[in-house]
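Novice: Next come the chains, spelled out residue by residue.
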Amino acid sequence: MREFAAGQRVLVRAVDPDGHTRAPRYVRGHTGRVVEAQGRWPLADERAAGAAEPRIETVYTVAFPARELWGAGTHEVTVDLWESYLEPAEEERV
Amino acid sequence: MSGQHASSTVAVRVRHLEERLIEAGVVADDQLDGILTTVLNGASPVNGARIAARAWTDPGFRERLLADANAALPEVGLSMAGGIQEQRLKVVANTADHHNVLVCTLCSCYPIGLLGPSPSWYKSEAYRSRVVRDPRSVLAEFGLTLGDDVRITVWDSSAESRYMVLPRRPEGTDGLAEEALARLVTREGLIGTAAV
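These protein sequence lines map, in sequence, to chains H and Y. Residues -11 to 82 (this note's numbering) make up the first sequence, in order. Residues 580 to 775 (this note's numbering) make up the second sequence, in order.
Hints listed in this document are in silico derivations from the structure and should not be mistaken for laboratory results. For every residue, glycine included, the Cβ atom is placed at its ideal position computed from N, Cα and C. Any given hint might turn out to be false.
[What the hints assert, rightly or not] Footprint (simulated), chain Y over chain H, 3 or more residues, beta carbon under 8 Å:
1) -5 to 4
2) 8 to 15
3) 58 to 65
[Unchecked claim] Label pairs and their calculated CB-CB ranges:
4) H:Arg28 / Y:Gly621: 20 to 30 Å
5) H:Glu24 / Y:Trp700: 20 to 30 Å
6) H:Glu24 / Y:Pro696: 25 to 35 Å
[To be verified] Far from chain Y, by Cβ distances over 10 Å, these chain H residues were calculated:
7) Arg21
8) Asp33
9) Glu34
10) Ala37
11) Gly38
12) Glu41
13) Thr49
14) Asp68
15) Ala77
16) Glu78
Looking at chain Y on its own, in the form it has when it is part of the complex (with noise of 0.2 Å):
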């Protein structure tokens, strides 16, 4: 049975469904636990963090990421095939002038793999009916003031691939080896939500 869920009314939705589909002989209530567990085990923020490090620090892996994240990511010890099948990856960059941000105004598409159970907020309908909107406002609720003359890009992750922000890394940590550097990255920056 599927994990824990933050509202009961959810959660008995969900078990309903997997009941139908039992009952319907499309799928076993062990197998679904298998495949929950298998993605869960792996499914943290630390892969992406290790992915930006890895780009901060080695400009031949950042080149590779960005042109074809899926063939790059085995470089890390990472890939993008822990679910039923594997899903597409692309990695977009901030620089300077220009700033990434993600949502799925559809339902709740993520890079679960890469950064772990998605955040509520980020299922919520007003983030992801407003961020297409004015990404502006939104970003600065969450505390990141853009200057105006960052260009914004809101990439709507609706089909059967999955996005990742590549935060810049962070003034005066150039000492800093790819380990440490990792342990800056947060969930929010690889969603575009925060700096870094």
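With the rest of the complex left out, here is chain H (with noise of 0.2 Å):
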């Protein structure tokens, strides 16, 4: 796993689980920026999983600009994911 930092962007990986996450559907697949690290907190999947030691991950509070996630509008929302959730985007996409 890696840290982000505040201003990088990053892709929410477009996954979809079986079980609970938190990464919210709209976002997955979308790219957005680092705005800031959050803490440390147990990986909620891993948690409400029952995992006896879930991954202790950084929760970074990610914006996204609307044209991005609905293909118009001008605000931007911010979503807080674990690490697990994200990678490096690779290019400018928006």
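Dock the two chains into a complex; use the hints.
Specialist: Right, dumping it as structure tokens:
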């Protein structure tokens, strides 16, 4: 796993897990910008599955331009995402 | 048992879940009562209003609040440790050209301790799905019409942290003391669906 810096562009993994996750569907596969790291918490997916020792990961606040999410709009939506949900964005998409 | 619910269907489901947990020995009924009583006794939008009024009158507090709200709250006798674990609080400030509004699209995450129990619309599918897509229209339906030059950020609070909006201090309130200012602040202002 890797840490992300504020301002870095990240891509939300476009996975569709069977169980609980806190990666909302509307941001999966979309690129955003890291606003800040919030702290470190047990990965919600593993905790919900009853894992004895869930991974402890950094949670990031990631900002998405409305145009990136919906194809229209001038606002911005921020979502709190565990490190596992993210990977570095390879190129400028927005 | 878990207080009052507007929907009897929900109440039945909650009680059923409570009974399963009690039968399994995970929790006792009086423990649940104790946690709910502790959380709800201090939970009121008066808390959030006090924070906003202090931030309006004390620039140093405002700065500390926006930088690290959990560290600043004890200055006004509050904390985010009222629940089972301390939650992170992020306070986002409205300005003349930037407006913030809160939602939880996955469920109903909300700073109950500072804003009191959440309004029913906050938990509705309609609000949760629409405010992230078209906040300007949703805010207008709440009676808050923002100019096109005002940037909007929607904060989707879906982790172990909670958000609170710091509204703008209303104009013409220069003569008011902190307590009088606090009385101007509404729960909706702290969610971002009203100006103050």
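Novice: All the hints need checking, so say for each whether the structure fits it.
Specialist: Here is how each hint holds up against the structure:
1. -5 to 4: Coverage by chain Y is violated here, the residue count being 0 at a Cβ distance below 8 Å.
2. 8 to 15: holds (count 3)
3. 58 to 65: holds (count 6)
4. H:Arg28 / Y:Gly621: 20 to 30 Å: Given a distance of about 27 Å, which is inside 20 to 30 Å, the answer is holds.
5. H:Glu24 / Y:Trp700: 20 to 30 Å: 29 Å, holds
6. H:Glu24 / Y:Pro696: 25 to 35 Å: About 29 Å separates the Cβ atoms of H:Glu24 and Y:Pro696, which means 25 to 35 Å holds.
7. Arg21: 12 Å, holds
8. Asp33: 12 Å, holds
9. Glu34: At about 14 Å from chain Y, H:Glu34 clears the 10 Å cut-off, so the statement holds.
10. Ala37: 16 Å, holds
11. Gly38: 12 Å, holds
12. Glu41: 17 Å, holds
13. Thr49: Non-interface label fails for H:Thr49: nearest chain Y Cβ at 8 Å, not farther than 10 Å.
14. Asp68: 4 Å, violated
15. Ala77: Fine: 19 Å to the nearest Cβ keeps H:Ala77 off the interface.
16. Glu78: Given a closest Cβ separation of 25 Å, the condition holds.
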